[in-house]
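Visitor: Could you use the hints to bring the two separately framed chains together as a complex?
First to last, the protein sequences are chains A and B. In terms of the numbering used here, the first sequence is numbered consecutively and its last residue is 243. In terms of the numbering used here, the second sequence is numbered consecutively and its last residue is 241.
Derived from the structure by calculation, the hints contain no laboratory data. Beta carbons: idealized from backbone N, C-alpha and C, even for Gly. Just so you know, not all the hints are guaranteed correct.
Facing chain A, a subset of chain B residues (Cβ under 7 Å, in silico) [said to hold, decoys possible]:
| no. | residue |
| --- | --- |
| 1 | Lys-71 |
| 2 | Asn-139 |
| 3 | Leu-142 |
| 4 | Ser-148 |
| 5 | Leu-149 |
| 6 | Gly-150 |
| 7 | Ala-151 |
| 8 | Gln-155 |
| 9 | Val-222 |
| 10 | Thr-225 |
Listed below are several chain A residues computed to face chain B (Cβ distance under 8 Å; list not exhaustive) [said to hold, decoys possible]:
| no. | residue |
| --- | --- |
| 11 | Val-26 |
| 12 | Pro-77 |
| 13 | Leu-80 |
| 14 | Arg-82 |
| 15 | Thr-86 |
| 16 | Pro-91 |
| 17 | Ile-216 |
| 18 | Phe-225 |
Listed here are the chains, written in short residue letters.
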Amino acid sequence: MQRLYKTLTPLFQLSRIRHNYNGRFVLDIDDLTIQRGELFAIVGPSGAGKSTLLRLLNFLESASAGAIRYKEHPTPPLDLTRQITTVFQHPILLHRTVRENVDYGLRLRDQRDPKRVDEIIARVGLAAFAASAADSLSGGERQRIALARALILNPEVLLLDEPTANLDPHNVSLIESIIREENEQRGITIVLVTHNIFQAKRLAARVGLLLNGKLIEVGAAKEFFENPKDERTKKFVDGELIY
Amino acid sequence: MAKISLGRRSSTLADSEWLMTDSQNDPLSAISNMLDIISLSLFVSGIALIIAAIIGVPLGAMLALRQVIFKKIIMLIIYTGMGLPPVVVGLVVYIFLSREGALGWLGWLFTPSAMITAQVIIALPLVVGLTASAVENVNPELRLQIRSLGATPNQAMWTILSEARAGVVAAIVAAFGGIISEVGAVMLVGGNIEGSTRVLTTAIVLETRKGDFGLALSLGGVLLTLTLITNFFLLNLNKRK
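Chain B extracted, bound-state conformation (with noise of 0.2 Å):
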């Protein structure tokens, strides 16, 4: 199985077209490359979900409980960020980590560093969002009364965020569910490079535009069994706390 690397790449676009093209005929290297697509695709929406779910969760609590100055404002463009379509987040990205623009100097474009990054700003509205809905649905007066328990303003919120947990473990599966489904924005920005940084919807594409529907369609269901997989864990622990 190849190691996944989030480091600099020199491949360039042209590079990545000439890779897509896919020559292993051999079933235990057939094997090894599609263990290869889920890692990657695991590894890639994983990291990005808990980025997206460090920084949303307390972000969407914070503006919910506490005075935010345009806050109407903020939640518009969260809400609007909710509905962002990848492959424009994915352009985007592009732009920024091309040669000649402003973050070039990463070195990124074309690495799972890349996607990880088109998938965090694609899941952090939704962490925020949810999570904000969440905590707001809490009972208002639950936050005075822990307070006169003795909860400080941080403790009142980490009390409040875990009394909002199903919501907030639903921001986290809708979250997922958004990256680890979606193909503009990894393909623009990943490139769809065997062994580097294909994944499992990327490889969907190839093998669709190759005509290999039945190899299409099982991928298809590899996906949406990870997807339950994971959710499930997810559902699982809320559950447990």
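Bound-form chain A, shown alone (with noise of 0.2 Å):
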């Protein structure tokens, strides 16, 4: 079910971002709003800037020029920023047991739940799994693992990095089904990833077209789906390839 978002409460707000890798531009996004508790995907190409924006998103980098004000701070400080995190395409998993993979987060917070880690490995139908070695688990397992150890923390924003991107089916509909409650249930503000246009179309309430580092046009779903005012938009959409 798509929904629009509840609040109009800028979260993130973006002016001016340019960001450039050895002198390579990668973004160049001039104005952006995030709004408390919408579910937004970026959508595009491989090599758009997707992940470059996630990243700044999650202030791991610093935007070459411009500014990201988190809840109004440009740089916000640590208990700001770890309100926010991410579940990466590929996850990198610690060499230790599921438990001490989800259970992470929460030690470098000096935090400790048992139960609610044992709960959320149950969520993501890992249970069985809880004491073996994360490096024996498959590519779907390991995602949600990775969906886990984010969970746990109770982010106020989760940023999403193709988060399905070739898994099987069950294991799709298994996250995209968490991604929801999520948003809907517990309000957390998602920002989506993904070159994957039926889930953007199944789980955003707006959606952002990223070509080449810039965004071409932003919308709410249904408008950007069915009438997408930019020929660019409209053909990614159709699913031609564009450049």
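Guide: The structure is reproduced here in structure tokens:
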């Protein structure tokens, strides 16, 4: 079910963002606001700058120019940046058990909640593997651990970088249902990066097309998919290759 | 068994040479003497290893993870240091600790403190260089991902070190092997003084000089066994973690 975000409180405000890697321009966004509680999808082909944008939103990198404000803070302190976490496309897990991997973020915060750790592991369907070495699990299971280790932190913002790429339908369905629940029931703000327009259509309330580092069009999901304003968006939605 | 003392010693090199002539013939005394040598060997190399690890492991991790100016040159120096001849280290430490040396006032020459100092210098490049190499082999993407989970730069460094623990343990094992088996530095700065600075390697040299090859070989066997047992514990520590 698609829904529009309930509140209109800006959480992230990006203005005149320019980002370069070794002199190569990768991102150029003039203006973008992400509202509290919304599920915003960024779609676009590979190499469009989607993952870079997520790293900037997580304050893992600083933009070459421009400002990103989170809750009005241009350089948020640790307690604010800890409200934001990312589930990466290729999660790297610690060479430890599933339980220790999920518990990791809590230990960083000197918090312990073994009961909740086990609940989250069960929620992603890995209760039987809680004591197993994370290395021994399949790609889909590893992705679910990555989601669990992010959710255990009760984040206010969840950044998802192609969270279901290369996964089987069962894993895709499970992860999507958790994403939907977190957004609709817990009000977590979710920024979903995907090249899969069908997934964006299923989950997002608002969608943006990123192409060659530039935001081409941003709009409510229904408008974006059914009545795109930009010709490039129309082509992308129609499944044509665009560069 | 003689008590190990790190403190100031008034002996001169001439004294130590005189003491190198072992006159013990009583079997019980010989055993006690042997235990002294073994415990001093473990004490000197153990303390040197602990100091080298405390300094070297975080230093190696920092060199691998942080932006450091002249990093390539520093790493080149460290890798060169991994091949430092112990006798050269011993000579330099000897010069510094000799009565006219810059650190002569410490009165450490021909004491276990001097031997520990020399062994720390030998072990440190091994620990730093091999730790840096182990940390560099951890997937760089991991750092980003654990920071996204809320790790501070220091927490990220310790997590990455923990992920590289097999390599870090290998660094410590290599350093221990390097210092427990070296003879040049401890001979020069320790003087091989019976009951004070005689360790297994210097005892082997002494017995070989005396022509007692059987005893020298037996001491060699003891040294190898000690190294084997220590490495066994170090490697098991890694597995348990």
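Visitor: Provide an ascending list of the numbers of those earlier hints which the structure does not satisfy.
Guide: 1, 9, 10, 11, 12, 13, 17, 18
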